[in-house]
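Q: These protein sequences, in sequence, are chains A and B.
Going by this note's numbering, the first sequence opens with residue -7, and the numbers climb by one from there.
Going by this note's numbering, the second sequence opens with residue -7, and the numbers climb by one from there.
In case anyone wonders, no lab produced these hints; they're calculated from the structure.
Heads up, some of the hints might be wrong.
Distance windows between CB atoms, simulated [claimed, not checked]:
(1) A:K118 / B:N214: 42 to 52 Å
(2) A:K118 / B:G278: 26 to 36 Å
(3) B:K200 / A:R54: 37 to 47 Å
(4) A:N303 / B:N214: 30 to 40 Å
(5) B:D386 / A:R54: 56 to 66 Å
(6) A:G80 / B:K310: 18 to 28 Å
(7) A:N224 / B:D165: 40 to 50 Å
(8) B:V98 / A:S97: 26 to 36 Å
(9) B:K310 / A:N51: 38 to 48 Å
Beta carbons: idealized from backbone N, C-alpha and C, even for Gly.
Number of protein chains: 2
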Amino acid sequence: MLIVQKYGGTSVGTLERIKEVAKRVARTKEEGKDVVVVVSAMSGETNKLTQMAHSLSKNPKRREMDLLLSSGERVTSALLAILLTEMGHETIAMSGRQAGIITDSVHTKARIDHIDKSYIENELKKGLIVVVAGFQGITEIGEVSTLGRGGSDLSAVAIAGALNANVCEIYTDVDGVYTTDPRIEPKAKKLDKISYDEMLELASLGAKVLQTRSVELAKKLNVNLVTRSSFNDNEGTYILNEEDIMEKPLVSGIAIDKNQARITLRGVSDKPGIAAEIFRKLADEGVNVDMIIQNVGVDGATNLGFTIPENELDITKKAMEEINASQSLEYDKNVVKVSVVGVGMKSHSGVACTAFDTLADENINIEMISTSEIKVSMIINEKYGELAVRALHDAYKLDK
Amino acid sequence: MLIVQKYGGTSVGTLERIKEVAKRVARTKEEGKDVVVVVSAMSGETNKLTQMAHSLSKNPKRREMDLLLSSGERVTSALLAILLTEMGHETIAMSGRQAGIITDSVHTKARIDHIDKSYIENELKKGLIVVVAGFQGITEIGEVSTLGRGGSDLSAVAIAGALNANVCEIYTDVDGVYTTDPRIEPKAKKLDKISYDEMLELASLGAKVLQTRSVELAKKLNVNLVTRSSFNDNEGTYILNEEDIMEKPLVSGIAIDKNQARITLRGVSDKPGIAAEIFRKLADEGVNVDMIIQNVGVDGATNLGFTIPENELDITKKAMEEINASQSLEYDKNVVKVSVVGVGMKSHSGVACTAFDTLADENINIEMISTSEIKVSMIINEKYGELAVRALHDAYKLDK
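So here's chain A without its partners, still in its complex pose (with noise of 0.2 Å):
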């Protein structure tokens, strides 16, 4: 049985916690299991050495800013391992290059291409406990690669993949996926299963326990994941296949995603293209368009509105203001995103009125709505944004 487990950040951001994390690690691999163990950097080390090279260029040169910041992880990964060994559990600490991590050449947002899983196999057919600096790969070149946020999460998955681990533990300081944020509503629950597509709206809604590259992947290498807290013995929640949960809640959990600006361009003519042109021109700039709505057109005009990560609003003026389109441009910071997610949904109506009945119980207007098969967004005031949360979870009694 092949266990791979992953700890973030704060579950090695200090001496005292790796060693509580190799207490874990040594419990796993005394129950007779093999165990690979994916790392982090210690946290805010990543931040401090971000921190550092933009002190120093407004621009990094990416290739450069992934060996700097590599060290993180590798320093993570050394102190484990020889943490173990001192523990009597002999135990090999690999690099991304070491542990056969190939990644595109994208420098600071590499892909990971593929694993050349032979690395890991030799080590663990010795009985070793491997221990792999996350985050981090190299080119087919072999220049260090890092893969962006959520980074080792990835390394974790894949590498679970690649050798078809039984699970991949994924460790932070949360208890696993609830049905809404228990900072918002303290009756939240802990989820125990949910399918992988949920995860993926909720990691895209807000949820942070998991970033949605990492869910996709485990979805696609079909990779049994669990989120759990290394700072208690608590079970996690399960991430898994659809198939694999029997009885499917019609509503999974309540996310909210306060990073969101909505714009609306006033009077964009209304002839084929106009629209291509807006959102060709917005996707140049790496802006991540998420709802758009297009009313129909009065005089060959229309207003046409759309939301986007608050953070990218500077980005998305500036390129409006290239193609001629900022005249007319209006913008909302003050917006927030509440969605409604569940399976469940599927096969059954009447989800999505109750959303919306329920908000016009509080007096709350939504200003846009989109929808897919297993989710509901609304885009409301700022102001009500939990109280939204708060009403959603208890309208789908999530607290039973």
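Fit chain B to the known structure of chain A by using the hints.
A: Relative to chain A, chain B alone:
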């Protein structure tokens, strides 16, 4: 014209210091020279990492120590390359691996086996500044290795040798090599030139500017060294072949080494092989025995005296216990070694006599003496150490 510049930990100790280093590198490049820069970790980083590892394990796994410790220089090299690029000078940062530095497999104190110079040369040909992470390389099987104390100096000298650089500039926080430690004798003068052999003696006798290994390697590879300060523009000290120094001073400097302990074994059996057994045991334990004095024996027994580094006293006592020589062991930690160094001694007699006379005039008792072609070393009581240095500095008119 190719210049290799090496910047030590204090020279790159803060972002402000790194900016000063970048200015100097840029200036050199703008003068039309090719530049390879070798950097140490920011001061304090390597100690911090070492302490972390030692808090987790008394005897940390050496392979993992190398993965750990090599991260500090990677950080500095990336930061400096990012800054130089920002300043408009195309620059590439290289880890030890990327710079082609191949070592033996003795982790944490590897020796450079050879340098595959094509990696650095290719970048220089393109007109780039090359910044290499010092102190590190890889073994034949691709494991990360580090070179031990003074390792970045070694990297710089080896690279300068492999590339046939015109000069290898070693930047630290001192101006160069002085006739003696200016904190002891304020009249100490900076030397313009010194031979490899003199520098070797001074380095091994406690002058902190350069490690013995780097000077040995520079001598072997015929690399012209300069030690300079990165904090000012003063000319440094050239370290050259003796033949390249026209006017050879009788005495170049006075060194003092306070990390000394004197051991006396009383009543050692005066038979062949006894001394050999003692010193073989000490060599096996890694104790660096320096001076040895054995008197003619009386009644088949003799007293054996030798000096060791003070911090190796405990291992020495333990080693002597193991071969049953400890019952007659006496030691004195309150001794220092004061040495007079100069290539001119080779052709002039009387240098040693002047030293003995000088100490006698000060009523300082000389406990042990050892001489070589270019130095006279004397063990004296610690409390007279600084007085002896000043008196000898005066006697040889080194302030003139």
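Q: Could you run down the list of hints and mark each one as holding or not?
A: Verification of the supplied hints:
1. A:K118 / B:N214: 42 to 52 Å: holds, 45 Å
2. A:K118 / B:G278: 26 to 36 Å: holds, 30 Å
3. B:K200 / A:R54: 37 to 47 Å: With a Cβ separation near 38 Å, K200 (chain B) and R54 (chain A) satisfy 37 to 47 Å, so the hint holds.
4. A:N303 / B:N214: 30 to 40 Å: Violated - the Cβ-Cβ distance for N303 (chain A) and N214 (chain B), about 57 Å, lies outside 30 to 40 Å.
5. B:D386 / A:R54: 56 to 66 Å: 59 Å Cβ-Cβ, so the 56 to 66 Å window holds.
6. A:G80 / B:K310: 18 to 28 Å: holds, 25 Å
7. A:N224 / B:D165: 40 to 50 Å: holds, 48 Å
8. B:V98 / A:S97: 26 to 36 Å: 34 Å Cβ-Cβ, so the 26 to 36 Å window holds.
9. B:K310 / A:N51: 38 to 48 Å: Given a distance of about 58 Å, which is not inside 38 to 48 Å, the answer is violated.
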